[in-house]
Structure formats: C-alpha cells, structure tokens
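Participant: As a plain string of letters, each chain reads:
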Amino acid sequence: MNAIPDFVNTLLPFLPEWIRAVVFYGVVALILFISVILTMAFLTLAERRVIGSIQARIGPNRVGPGGLLQPFADVLKLMLKEIVIPTASNKFLFIIAPLLAVIPALAAWAVVPLWPGFAVADINAGLLYLLALSSAGVYGVILAGWATNSKYAFLGAMRAAAQMVAYEIAMGFALVGVVMAAGSLNLGDIIDRQAGSHFSYFFWWMIPLFVVYFISGVAETNRAPFDVVEGESEIVAGFHVEYSGMAFAVFFVAEYVNMILISALTSIFFFGGWLSPFESWSFMPEFLRAGGFHWLFLKISFFLFCYLWFRATFPRYRYDQIMRLGWKVFIPVTLVWLAVLGVFFAYDIGPWSK
Amino acid sequence: MKTPASFFKTFFLTELLVGLYVTMRQFVARPNVTVQYPEEKTPQSPRYRGLHAQRRYANGQERCIACKLCEAVCPALAITIESDVAADGTRRTTRYDIDLFKCIFCGFCEEACPVDAIVETRIHEYHFENPGENIMTKDKLLAIGDRYEAMIAADKAADAKYR
Amino acid sequence: MSITEILFYAFSGVLLVSAVGVITARNPVHAALFLVFSFINSAVLWLLLEAEFLAIVLVLVYVGAVMVLFLFVVMMLDINIAQVREGFTRYAPLGILIALIVVAEIGSVVYVKSLGTEVTPVAQVAVEEGYSNTGALGELLYTKYLYPFELAAVILLLAIVAAIVLTMRQRVGLKQQDVAAQVSVRAKDRIRVVKMAPVIEPPAGSEQGEKQP
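Residue numbers (numbering that gives the first Met the number 0), protein chains in the order written: chain A, 0 to 353; chain B, 0 to 162; chain C, 0 to 212.
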C-alpha cells in the first residue's frame, strides 16, 4: 500500500489516522473509477467508429464534434428508460446480478500499476487477486441468466459458466509463465523485471503464452468471436435479454471495463506496462526513454483496437469449437511452453538470467 | 492428410492473420461510403415511387375518370373509390382515398391508369402526426399534384421513351 | 475493541448467518449462493489474519470454479422439495446423533490443542519488511512438505486423466467431428473439375416453346 501523502495529513489533522486513510483511498479510488468509466464510455464510441470504418461506414458522428458526445447521449437515454422486471423473475437476484458483474471488473483496477511506483493497492498477491476477481465476475452473468427465468437468458448463463471456467484455466496457466519469469505475484515487480530494453519484455520469450492469454482474455470478456453468451442470432441477447435501462447499462459497463482491464494486463504481463519501448536506445531523447502512464495508455489502446479488429474480422465460434479450443488446444500449448520456459531457466537463456 | 505444412498453418494462425489483413486493408484504405442523409442525398430515378399525387389537364380539369382500374389492381387494397356523375355530365370520383399504411408503393395504380391521373412522385420525406392523416383524400392528392406538376411532367417525359 | 475485532465479529456473524442459510434455504440455487457468500466471508476472515494468499485462493478456487460448476448443475435440476423432505422425521434421530458426534470430536480436538500451546495473537507475530506469506507458503510446500504436496498433485492428475479417459472411449456409431480434418480440407479433396465439350442446345421454341415466357 502507498503511504498517505503528507498533504492529506496536514489538511485533515483533526481526524483519526484510519479515517484519513479511508478518505484518502476513497478519493483515489473515486478518481480511478471516474477515469475508467470515462475510458469505457469513449471505448464504446471508438468501437462503433472503428468497426464502421472497417465496414466502409462512418459510425456515429452527429452528437458533438465527430460524435464525441455520443456516449453521453447513450447514457442519458439509458438512464431515462424504465427498468422492466419480469413478473416471474427472482427480483432480488435480478437486481443484484448487474452489480455482481460490474463490481469485480472495477475492483480489479485497484492493483493495476498505472505509472512508475503507483498502484492504488500495491499488494503482494496482486496477480492472484486479479484471477480471483475475474473468476468472481461470472456470477453476475450466471445469476442474471437464472434470475430472469427465461430460456434464452438461462442458455446464455450456462454457456457463460462453461466458457469462463474453461478459459480461466488457460489464462491461469499462461500467467504461470509470467510468474516464473518475474518471480513475483506483484504486478509492479513483474514490470520491473521487464526493464532494460524492449527485448526483455516477456512477450519475446513467451509468444505462445501471450497469444493464449490474449485470446483467453477475449473469451473471458465474452467478446466476438467468443460471444456465444450473447449470441444474438441464436439466443437473442443471452443473459441480459430481459434487462433494460440502467440495469443493462451496468452489464455493458462491466463488459467494457473488463476489456480495458484485459488489455491493461496484457500490456503489463507481456509488454512491460508503463515501460518505454525505447528504453535502451541511447540516441533517443530522454523523455522518450522514460517510462510513464502514456506508454501504458498506448499499449492498452493497441490491444483495445485488436479487440475491435477481431470483432470486425472473425465470425462467431460455435459452442463446441470454443470448448475444444479452450481445453484441447490452449491448455496443452501453455503446458508445453511452460516446459520450454523451464529449460530456458535451467540453462539461463533469456533476460532473466542472473 | 495432416502434412507438416497444414500443421504450421494451424499453429501460426496464418488464415486468421490473412483475415485480419483484409479487414485492416479496409480500415486503412477504403473510403467510407455512408451518405450523410439530410445534407447529402443519393440520386433518384425518375421512376422513383414515392408519395402519390393526382394530376389535372392543362385546363384545370382533373384527369381521373373513376374507371377504378387502380382500385382493382391494387394488391394491398389501399385504394377506395366512389364515383358519381359530375355537374358537367362527366364521370368523376366523389371519393378517392389511398391508405398509405396499406400502400406498398408497388406502382401498379400508376401503370393501370389509362389517363395518367394517379402517379407516384419522388417525394419520400413526409410524416404523419395524427391518426387519420395516413388516408390521402382526393383533395390532398390533387393538391400534391398541383404543387409538383412540373416535376411529375418532367419525370413522365424522361421515362416516356422506355414505355 | 479495535476495528479489526469489530470487522471480525461482523464478518463472522454474516458467515454464520449465511452458513445457516445454506441448510435452510428451500431453493437449492439460493443455498448454493449462500455457500458462495459464506466462502467470501471466510476469505475476508483470512484477510483479517493477513493470510491474503489463502483468502484469494479460496475465492479463486471455490467461488470462481467449484461453485460455478455447482450452480451449473443445481440450476439445471428440477428438485421437488416435498419429495426430498419425505423421510425427514424417520432419519432425524440418526442425523442428530451424527451431528452430536461431529460436534464432540471437534470440541475434543479444540480442547486438547488448547491444553498444550498458547494461541499466538496475530498482532504479536513480527512481520519484517518485504515478507510475503505467499513466498513463505511456497517455500514450505517445496521443501518441508514436498512429498505430500507432489503426492497430492499426482492424485489430482490421476483423477483428471481418469475423467478424460472415461469420455475418450470410442463407441460404435458415435458421430464425432475431426476439426483439424475439417479445417485442412481443400476444394480439390472434395470436388473434381471435369472439362467437357459444350453441348449445343437446339434453338428455343422448337420443342419446349410453351415453357418459354
């Protein structure tokens, strides 16, 4: 954990220590929350513009300059809509399910290191915390599907459950390689171990793990081509078929925040997070060689673009193909590469050799 | 069946990368073909079948002779005609209603009309605000015809050589 | 009473309530959700003990994987509650007896343990800078408890292999698809393009004239 900065102590000297901590971390968390939500809002716009462009369309460009205010118009519309609760649904679970989906997605941001030496909560088992939260996120989907009391929603929930459990494993195995190389579960340490030059990024030494991790991340967030959970053509909208207004918007937020999170984690685990790619190039000016939030931002943007790119390119996988890919391709691939990494370590090949 | 080549093809995801290349090429190179509607409009054919109109002869006499061919041919049963003998002894409609909610804009009425009385104009930007406004009465149709006679006549002339 | 104690009692209270909920809830899905809730609460209790590795693994394994599969099955069941409760009074004495025996066993274990060693309060454990109980746990697992650990791993692996083998047997008449074969198929494997001389049709109208529009 970061220490409470002095200015907080001087501003609020009359409060007991723990209230000062609560206030400080509350404000930091609020700022992070707002930035993540804003990023998510503009991601929805970016998605529509990028996919539009790939399909030789324009996308939303009416609200505000270049459509920049479109997300706010959407939010306004969704806020004004009625939340319809189906009569035969389980009302408590129906209401609480969107929250269960969005809370883990937002809470995971606590451990993400944003710039050198900063994460809201710099905990030791950060990577495990992320895995735990991403696996807890599936409850929102499952409960939504069950509480709706509709066959379509239920089918979506069943698919979500099976898919998330399957890809969690491949994801976890891919991260085992990262943990082996970094020797730590702390995300800050993982980035520090990749410092030096861009050739010491873990990406170069575990390309298969990177591919598996990112594709599993796409599957984990139920995005195309792994969006059988929503599967418009078969089960209407899957688990959120009966959700309207803000209840639907919360699911939407959860999905997009998860996308940003997976992109951030991919850049942290395999591409050195906030490290500059030009670190070792001494002819570059100093400001380009210094690490910072902007590098992380660029890397996240690239992976988010990949998300949209995939969505515009690939047709949806069939359910059995998804299961086959997860269990019979990804898990063996990661296991084999973990063995290869073991050989690397044993013979001190790679940037982690002492 | 399983050659090393196909094995490598699977593992290096070549086909997926080819697909990604195709979409990226579209993203970078292709111009967007969207028409920004109210500002830009697509060109219309003179045969465009939009809102209906009834025409008059140059002397102001209405063309329609209440032959009811359009009513008979209308596949959506959108046209209702009642006829009577007018003051000048000619056969005229007393009622000529087109229900635009039923109309499918097939243009058969226009084709069936022996005197080119009922026509479909190029007008397609219109709306109804109250129930009942969807019924185009004879007065409304004639008003549209009077207002857009120049356009209708030009369209008819442009299409005449293909008939 | 420190904040830690207040939190401890709050979360233990919720934990107990949800644990009671697990066995009293009429709807099996609600029971499973109560179980999830009690898992999360016990994870919080572990966090209060600063055993964050155990807490997170509890959430990761039980909440994230085991209970999801549980819910998966339970949601698909159509349980008739009246039928399940039929033999309740008949089996109640036996159930109570077993419950009493379990309580007695746990009580005796706790009693015997408390005789010998003093329970060390958490606050008194000195934690030096950079101490990670994840690392400490790993060190123990891979040194002192290496053989039991490896043994447990092998047993788990065996269970996985057994489960896979059960589904892998080739039944006669079972229709399966070989995705690799499907993907690697090429047009020339399936169709043969034959070059043929063009056949000149007699002019239309000679025989089939009435069919022409």
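If you're looking for bench data, these hints aren't it; they were derived computationally from the structure. A portion of the hints provided could be inaccurate.
List of simulated lysine to any residue pairs, SDA-like, C-alpha gap at most 25 Å [unchecked claim]:
| hint | chain 1 | residue 1 | chain 2 | residue 2 |
| --- | --- | --- | --- | --- |
| 1 | C | 174 | A | 65 |
| 2 | B | 40 | A | 55 |
| 3 | C | 174 | C | 189 |
| 4 | A | 327 | C | 72 |
| 5 | A | 90 | C | 189 |
| 6 | B | 160 | B | 126 |
| 7 | C | 112 | C | 147 |
| 8 | A | 150 | C | 151 |
| 9 | A | 80 | A | 55 |
| 10 | B | 155 | B | 121 |
| 11 | C | 187 | B | 48 |
| 12 | A | 327 | C | 45 |
| 13 | B | 155 | B | 18 |
| 14 | A | 150 | C | 27 |
| 15 | A | 76 | B | 126 |
| 16 | C | 174 | A | 233 |
| 17 | C | 174 | A | 161 |
| 18 | C | 112 | C | 46 |
| 19 | A | 327 | C | 27 |
| 20 | A | 327 | B | 18 |
| 21 | B | 40 | A | 323 |
| 22 | A | 327 | C | 173 |
| 23 | A | 90 | C | 27 |
| 24 | B | 137 | B | 104 |
| 25 | A | 90 | A | 71 |
Which stretches of chain A does chain B cover? Using the computed rule of at least three CB atoms under 8 Å from a CB of chain B, they are [unchecked claim]:
| hint | segment |
| --- | --- |
| 26 | 99-112 |
| 27 | 308-322 |
Idealized CB from N, CA, C, for every residue including glycine.
Participant: Next step is simple, just say for each hint if it's right about the structure.
Facilitator: Here is what the structure says about each hint:
At roughly 53 Å between alpha-carbon atoms, residue 174 of chain C and residue 65 of chain A are farther apart than 25 Å, so this suggested pair is violated. Pair hint residue 40 of chain B plus residue 55 of chain A holds up; C-alpha atoms about 18 Å apart against a cutoff of 25 Å. For a cut-off of 25 Å, the pair hint linking residue 174 of chain C to residue 189 of chain C stands: about 20 Å separates their Cα positions. About 23 Å separates the Cα atoms of residue 327 of chain A and residue 72 of chain C, which keeps this hinted pair within 25 Å; it holds.
Taken as a hint, the residue 90 of chain A and residue 189 of chain C pair is broken in the structure, with Cα atoms around 55 Å apart against an allowance of 25 Å. Straight-line distance between C-alpha atoms of residue 160 of chain B and residue 126 of chain B comes to about 33 Å, which puts the hinted pair past the 25 Å bound. Taking the CA atoms of residue 112 of chain C and residue 147 of chain C, the gap is about 23 Å. The hint holds against a cut of 25 Å. Between the alpha carbons of residue 150 of chain A and residue 151 of chain C the distance comes to roughly 41 Å, so the proposed pair goes past 25 Å and is violated.
Restraint check for residue 80 of chain A and residue 55 of chain A: the C-alpha separation of about 32 Å exceeds 25 Å, so the hint is violated. Straight-line distance between C-alpha atoms of residue 155 of chain B and residue 121 of chain B comes to about 11 Å, which keeps the hinted pair within the 25 Å bound. Between the alpha carbons of residue 187 of chain C and residue 48 of chain B the distance comes to roughly 49 Å, so the proposed pair goes past 25 Å and is violated. Taking the CA atoms of residue 327 of chain A and residue 45 of chain C, the gap is near 36 Å; set against the 25 Å cutoff, the hint is violated.
Restraint check for residue 155 of chain B and residue 18 of chain B: the C-alpha separation of about 49 Å exceeds 25 Å, so the hint is violated. The suggested pairing of residue 150 of chain A with residue 27 of chain C holds, with an alpha-carbon distance near 19 Å, which does not exceed 25 Å. About 24 Å separates the Cα atoms of residue 76 of chain A and residue 126 of chain B, which keeps this hinted pair within 25 Å; it holds. Only pairs whose Cα atoms come within 25 Å are accepted, and residue 174 of chain C paired with residue 233 of chain A is accepted, the gap being roughly 24 Å.
Taking the CA atoms of residue 174 of chain C and residue 161 of chain A, the gap is about 23 Å. The hint holds against a cut of 25 Å. Restraint check for residue 112 of chain C and residue 46 of chain C: satisfied, since their Cα atoms lie roughly 24 Å apart, inside the 25 Å limit. A distance of roughly 32 Å separates the Cα atoms of residue 327 of chain A and residue 27 of chain C; the hinted pair therefore is violated under the 25 Å criterion. Taking the CA atoms of residue 327 of chain A and residue 18 of chain B, the gap is near 23 Å; set against the 25 Å cutoff, the hint holds.
Proximity of residue 40 of chain B to residue 323 of chain A is assessed by CA-CA distance (about 49 Å); at most 25 Å being required, the pair is judged violated. A distance of roughly 19 Å separates the Cα atoms of residue 327 of chain A and residue 173 of chain C; the hinted pair therefore holds under the 25 Å criterion. For the hint pairing residue 90 of chain A with residue 27 of chain C, the CA-to-CA distance comes to about 17 Å; that is within 25 Å, so the pair holds. Restraint check for residue 137 of chain B and residue 104 of chain B: satisfied, since their Cα atoms lie roughly 18 Å apart, inside the 25 Å limit.
As the CA atoms of residue 90 of chain A and residue 71 of chain A are separated by approximately 29 Å, the hinted pair breaks the 25 Å bound. Check on the segment 99-112 of chain A: 0 of its residues sit with their Cβ under 8 Å from a Cβ of chain B, so the three-residue criterion for coverage is violated. Coverage of the segment 308-322 of chain A by chain B holds [criterion: at least 3 residues with CB-CB distance below 8 Å; count 5].
Checked against the numbered hints given earlier, the structure breaks hints 1, 5, 6, 8, 9, 11, 12, 13, 19, 21, 25, 26 and satisfies all the rest.
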